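Going down the list, the protein sequences come from chains A and B. Taken in order, the first sequence gives residues -3 to 233; the numbers are from this note's numbering. Taken in order, the second sequence gives residues -3 to 233; the numbers are from this note's numbering.
These are computed hints drawn from the structure, not numbers from a lab. Just so you know, not all the hints are guaranteed correct.
Intra- or inter-copy, both count: the list cannot distinguish identical chains.
Taking lysine-lysine and the DSBU-like style, the derived pairs with C-alpha atoms no more than 35 Å apart in a straight line are [said to hold, decoys possible]: (1) 139 - 107; (2) 197 - 51; (3) 139 - 97; (4) 97 - 213; (5) 139 - 86; (6) 123 - 213; (7) 123 - 139; (8) 123 - 231.
Please read all numbers here as calculations on a predicted model, not as lab measurements.
The chain contents come next:
2 protein chains.
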Amino acid sequence: MRLRVDLLPREELVYPDVVLVVDVIRATTTAACFLEAGAEALYLVPSLEAARAFKDEDVVLAGEAGGLRPSGFDLGNSPREALEAPVGGKVVVMATTNGTKAAHLAGMTAKHVLLASLFNAHAAARKALELATEEVAILCAGKEGRVGLDDVYTAGVLAEYLGLMREVEPDDGARIALAVRRAHPDPLEALSLSAAALALKGVGLEADIPFCAQVAKSAQVPLLSGRVGEALIFKRG
Amino acid sequence: MRLRVDLLPREELVYPDVVLVVDVIRATTTAACFLEAGAEALYLVPSLEAARAFKDEDVVLAGEAGGLRPSGFDLGNSPREALEAPVGGKVVVMATTNGTKAAHLAGMTAKHVLLASLFNAHAAARKALELATEEVAILCAGKEGRVGLDDVYTAGVLAEYLGLMREVEPDDGARIALAVRRAHPDPLEALSLSAAALALKGVGLEADIPFCAQVAKSAQVPLLSGRVGEALIFKRG
Ligand SMILES: [Ca+2]
Ligand SMILES: [Ca+2]
Ligand SMILES: [Ca+2]
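All chains, full assembly: derive it from the sequences and hints.
Right, dumping it as structure tokens:
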């Protein structure tokens, strides 16, 4: 099995098989939490405006502006909040820039797109191997075109699980991610050093960092299942 | 001093200050070797055709097609060969795709562009600090849009030297490069695992890999000094 890690989304990338999209702080962590809380489906959209277009009494809007809940939204993008949110049986519309962009790019060519984080790392790696025939790719969302230490670290944890479960041929990106993983035995240390974590601290959301640093706590793996307008629809994989 | 590492060239990148361009297997290693051998200037061009346009009795053409010397060229891109080449006082035109592309991109906005490798790592880091006022950036050339373990490893070695000489604020990319460096105490091991090294082995040029893995053997640092047509002109920094 080929194991490939792309450290940033790039328009020219082509995925023949399975892609694990990683935006660990916080979109893909929060996505697993909404499924844990019983959400029926997640609609990932690239902007607050796109989310508002889905506003309806049966729909929960989640998003952030500068890390915080935007006006007219039901929830922010905090995974702690998502885990406790009353979303049972509902559609959650998540407005999230980098994660949606990466998932959209992966979905243009891949057979299967999964959302992965540290929180669901083991389940996501297992599900990827279940679906893959030739390649598992991990696509790091990064932040506005800059590579994210948090996402590359998470890719390293996923790569490690994949390598334990199956013989893999890592590409250069996978070797880089594995090295980053090995340099930081403590996930919280790695995540805390990232620019994404610094941005959360800046808006008083630092409690989300240790939450996102929890490894393999959830078996929920969002799987791309369709599209409606600008939204990518994810359901339980 | 800000310390920034970009793991791949991207058109939208803007450099306010100094950039160290890294294409360790083999362009930036070979560039330092040509200066060691006494070359007056290096012209980096993006294609064999662009190089041929400079053909003249006082000019040495160096390039590769599938790793080997192209017809009509005086030399290949091997650093071992460059070190012994009779280029004293001459202009060497180097055709090299990924390195030239990265240097061209850096040169669009940066104040100073230097060519760095393991071979000149210490001198390149020192020169960068000498020239910089706010930021030292390291731009990894990669290979046709894919990140290279060899270049990111070299960025880590440069970042380590920079951090020893000056207090630096590393970005996420720099932290990733430093982690890759720390995961591989032996430079030859890191370089040997890269896709670039595998490609060299495929054409019987594996002896260049240990050469490129030598650290801090040269004080020659090519500095971008001008342009002529498609060529970027580098001279001793
Ligand atoms: Ca993020
Ligand atoms: Ca990130
Ligand atoms: Ca190269």
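Hints and how they fare:
For the identical chains of this complex, residue 139 and residue 107 are neighbours both inside a copy (25 Å) and across copies (26 Å), given an alpha-carbon limit of 35 Å. In this assembly of identical chains, residue 197 and residue 51 lie within 35 Å of each other by CA distance solely inside one copy; the values are 30 Å within and 58 Å between copies. In this assembly of identical chains, residue 139 and residue 97 lie within 35 Å of each other by CA distance both inside one copy and across copies; the values are 10 Å within and 24 Å between. Taking the closest pair of Cα atoms, residue 97 and residue 213 come within 35 Å of each other only inside a single copy of the chain (26 Å); across copies the shortest separation is 44 Å, beyond that limit.
Taking identical chains as interchangeable, the C-alpha atoms of residue 139 and residue 86 lie at most 35 Å apart only when both belong to the same chain, with a minimum of 29 Å there against 45 Å between chains. Proximity of residue 123 to residue 213 under the C-alpha cut-off of 35 Å is restricted to the intra-copy arrangement: shortest distance 15 Å within a copy versus 48 Å between copies. Proximity of residue 123 to residue 139 under the C-alpha cut-off of 35 Å is found in both arrangements, the shortest distances being 26 Å within a copy and 31 Å between copies. Within a single copy, residue 123 and residue 231 get their C-alpha atoms as close as 13 Å, which meets the 35 Å cut-off; across copies the closest is 53 Å, which misses it.
In this structure, every one of the numbered hints holds.
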